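**Q** Sequence:
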Amino acid sequence: MKQLPYLLIATRFILAPVILLLAYLKGTESRFLIVAFMYFGLLTDIFDGIIARKVGVSSEKLRRLDSQVDLIFWLSLGFAAYLLNPELIKNEWHGVLLIFIMEALCYIVSIWKFGKETCTHAFLSKMWGLSLLITFTFLIGFQQTGWAFYLTVGLGFVSHIDVILIVLLLPKWQYDIPSSYHAWRIRNGKEWKKTVFFN
Numbered sequence: 579m580k581q582l583p584y585l586l587i588a589t590r591f592i593l594a595p596v597i598l599l600l601a602y603l604k605g606t607e608s609r610f611l612i613v614a615f616m617y618f619g620l621l622t623d624i625f626d627g628i629i630a631r632k633v634g635v636s637s638e639k640l641r642r643l644d645s646q647v648d649l650i651f652w653l654s655l656g657f658a659a660y661l662l663n664p665e666l667i668k669n670e671w672h673g674v675l676l677i678f679i680m681e682a683l684c685y686i687v688s689i690w691k692f693g694k695e696t697c698t699h700a701f702l703s704k705m706w707g708l709s710l711l712i713t714f715t716f717l718i719g720f721q722q723t724g725w726a727f728y729l730t731v732g733l734g735f736v737s738h739i740d741v742i743l744i745v746l747l748l749p750k751w752q753y754d755i756p757s758s759y760h761a762w763r764i765r766n767g768k769e770w771k772k773t774v775f776f777n
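In this text, residue positions in the sequence shown follow my numbering: the first is 579, and each later residue adds one.
In case anyone wonders, no lab produced these hints; they're calculated from the structure.
Since this is a predicted model, take the numbers as computed values, not measurements.
Ideal Cβ placement from N, Cα and C applies to all residues, glycine included.
Hints should not be assumed to be uniformly reliable.
[What the hints assert, rightly or not] Pairwise CB distance ranges, derived in the manner of DEER restraints:
#1 ARG765 <-> VAL596: 38 to 46 Å
#2 ARG765 <-> PRO664: 41 to 49 Å
#3 THR606 <-> GLN581: 33 to 41 Å
[What the hints assert, rightly or not] Calculated pairs, DSBU-like style, for lysine-lysine (alpha carbon to alpha carbon, straight line, at most 35 Å):
#4 LYS639 <-> LYS704
#5 LYS750 <-> LYS704
#6 LYS580 <-> LYS704
#7 LYS604 <-> LYS750
#8 LYS750 <-> LYS694
Please construct the entire structure, taking both the sequences and the accompanying hints into account.
**A** Structure follows, in structure tokens:
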């Protein structure tokens with residue numbers, strides 16, 4: 579059981595190239611299978627943290643690994659969406675570029691300040707992840723953008739600002755910080771109790 583969280587993370591990592599290959603080789607024929615893999619990947623993301631806490635193996639190493647594999651997984655879905663719907667993505671390139679810039683800024687600020695990547699698992703980031711799920715369901719499954727895409731771009735911008743503020747406010751690098759408000763409390767010497775909020 580102690581290895582199961584790592585196996586779930588590894589499953590998500592393996593799904594990334596599988597999703598890309600399906601989109602590249604099978605095209606739109608594979609879109610519903612890719613969506614199914616996306617939801618399965620989300621389940622592995624939820625349960626790896628739950629199981630890790632239950633068996634007592636939740637650690638900085640595991641959380642950092644989880645964050646980086648999440649990034650690879652969602653990037654694979656983004657590139658798959660482009661392979662399946664290049665014109666739709668090109669028409670929305672401003673929003674896509676904004677998200678890439680904000681993601682890069684989070685890494686740049688964190689590495690500049692702490693020499694490590696971000697690993698906040700913040701609440702707004704989780705909400706953004708759910709919006710990504712909806713957006714990719716529409717985009718990959720039904721070849722549509724619409725309100726879901728714009729919600730994702732807006733929430734993505736706000737959630738990345740929150741992560742940057744967390745990094746700037748923290749006196750030292752930490753993982754699993756719910757919000758910039760919690761980072762501000764930590765900066766002022768106030769403790770808070772971690773809950774099952776974190777997956």
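**Q** Does each hint fit the structure? Answer for all of them.
**A** How the hints compare with the structure:
no.	hint	verdict
1	ARG765 <-> VAL596: 38 to 46 Å	42 Å, holds
2	ARG765 <-> PRO664: 41 to 49 Å	45 Å, holds
3	THR606 <-> GLN581: 33 to 41 Å	37 Å, holds
4	LYS639 <-> LYS704	20 Å, holds
5	LYS750 <-> LYS704	23 Å, holds
6	LYS580 <-> LYS704	25 Å, holds
7	LYS604 <-> LYS750	47 Å, violated
8	LYS750 <-> LYS694	11 Å, holds
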